[in-house]
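K.L.:
Residue-level listing of the chains:
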Amino acid sequence: DAKTTQPPSMDCAEGRAANLPCNHSTISGNEYVYWYRQIHSQGPQYIIHGLKNNETNEMASLIITEDRKSSTLILPHATLRDTAVYYCIVRSGANNLFFGTGTRLTVIP
Amino acid sequence: EADIYQTPRYLVIGTGKKITLECSQTMGHDKMYWYQQDPGMELHLIHYSYGVNSTEKGDLSSESTVSRIRTEHFPLTLESARPSHTSQYLCASRGGREGGTWETQYFGPGTRLLVL
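These protein sequences, in sequence, are chains A and B.
Per our numbering, residue 134 is the first one in the first sequence, and the count goes up by one each step.
Per our numbering, residue 946 is the first one in the second sequence, and the count goes up by one each step.
I should point out that these hints are in silico values taken from the structure, not numbers from a laboratory.
Backbone N, C-alpha and C define an ideal beta-carbon position, used for all residues, glycine too.
Wrong hints could be hidden among the right ones.
Unchecked claim - No farther apart than 25 Å at their CA atoms in a straight line, the calculated lysine-lysine pairs in the BS3-like style are these: (1) 1002(B) with 976(B); (2) 136(A) with 185(A); (3) 136(A) with 976(B); (4) 963(B) with 1002(B); (5) 963(B) with 136(A); (6) 1002(B) with 962(B).
Said to hold, decoys possible - Facing chain B, from chain A, some residues (calculated, C-beta under 8 Å): (7) 138; (8) 140; (9) 145; (10) 148; (11) 229; (12) 232; (13) 234.
Sequences are here, hints too, so could you generate the full structure?
P.N.:
What follows is the structure, encoded as structure tokens:
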């Protein structure tokens, strides 16, 4: 599976958009980009995933660059409850998820 | 909302005891996983199963063992607990086809284990 690089931490003001970047320059054509988050040592929670096209659901938007070497998770209106560690993962169907160190997002009142 | 359960949620136990951490899911998922996570640290895959009677070791070596006799049940056992086993243990399951929304991995709430 491709390796990902994320900033270790970020802050975001409450109500503003949180943009979390992820670099996956070695991604291969059949690998999906997944985002999970983990709130205060609870079990990780699935957020969104995509292959090539941008994706949006009720939680977030995922923007994948045209060359697929990087992506950005967007939380449009961050709340205090969005404070968590966010994991960007790339994998193909046959492989298991590998959780790196993620980005610790702190939403500030 | 994912239907995956872990018991107990918290366990404090003495060295040398045998323990079993329970994990059950009602989604009919074939694939199930056990992760270990120390506070503030990464998740590490220690065991996984792709179906009944299938078990494999994960990326992190663990003295624990698992079994998969029923689709919905994936217990983890430590024959003789030691303080080095103190950690949080997270169970997860996954089912469905690649890329589909039901292919995502769902996690249980975790078991926090403290071995004295």
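K.L.:
A separate judgement is required for each hint: does it hold in the structure or not?
P.N.:
These are the hints, each one checked on the structure:
Distance check on the hinted pair: residue 1002(B) and residue 976(B) sit about 13 Å apart at the alpha-carbon level, within 25 Å; holds. Annotation: proposed proximity of residue 136(A) to residue 185(A) holds, straight-line Cα distance about 17 Å (limit 25 Å). Distance check on the hinted pair: residue 136(A) and residue 976(B) sit about 23 Å apart at the alpha-carbon level, within 25 Å; holds. For the hint pairing residue 963(B) with residue 1002(B), the CA-to-CA distance comes to about 20 Å; that is within 25 Å, so the pair holds.
Proposed proximity of residue 963(B) and residue 136(A) is contradicted: the alpha carbons are some 37 Å apart, above 25 Å. Simply put, residue 1002(B) and residue 962(B) have alpha-carbon atoms about 23 Å apart, close enough for the 25 Å limit, and the pair holds. For residue 138(A), the suggested interface contact is broken, since its CB lies about 14 Å from the closest CB of chain B, more than 8 Å. Hint status for residue 140(A): violated, given a least beta-carbon distance of 16 Å to chain B, over 8 Å.
The interface hint given for residue 145(A) is violated, since its Cβ lies 20 Å from the closest Cβ of chain B, which is over the 8 Å cut-off. Because the closest C-beta pair between residue 148(A) and chain B is about 26 Å apart, greater than 8 Å, the hint is violated. The restraint placing residue 229(A) at the interface with chain B holds, with a minimum CB-CB distance near 6 Å, inside the 8 Å limit. Annotation: residue 232(A) was flagged as interfacial toward chain B, and the flag holds, the nearest CB pair being 4 Å apart, inside 8 Å.
A distance limit of 8 Å between C-beta atoms decides the matter here; for residue 234(A) the minimum to chain B is near 6 Å, and the interface restraint holds.
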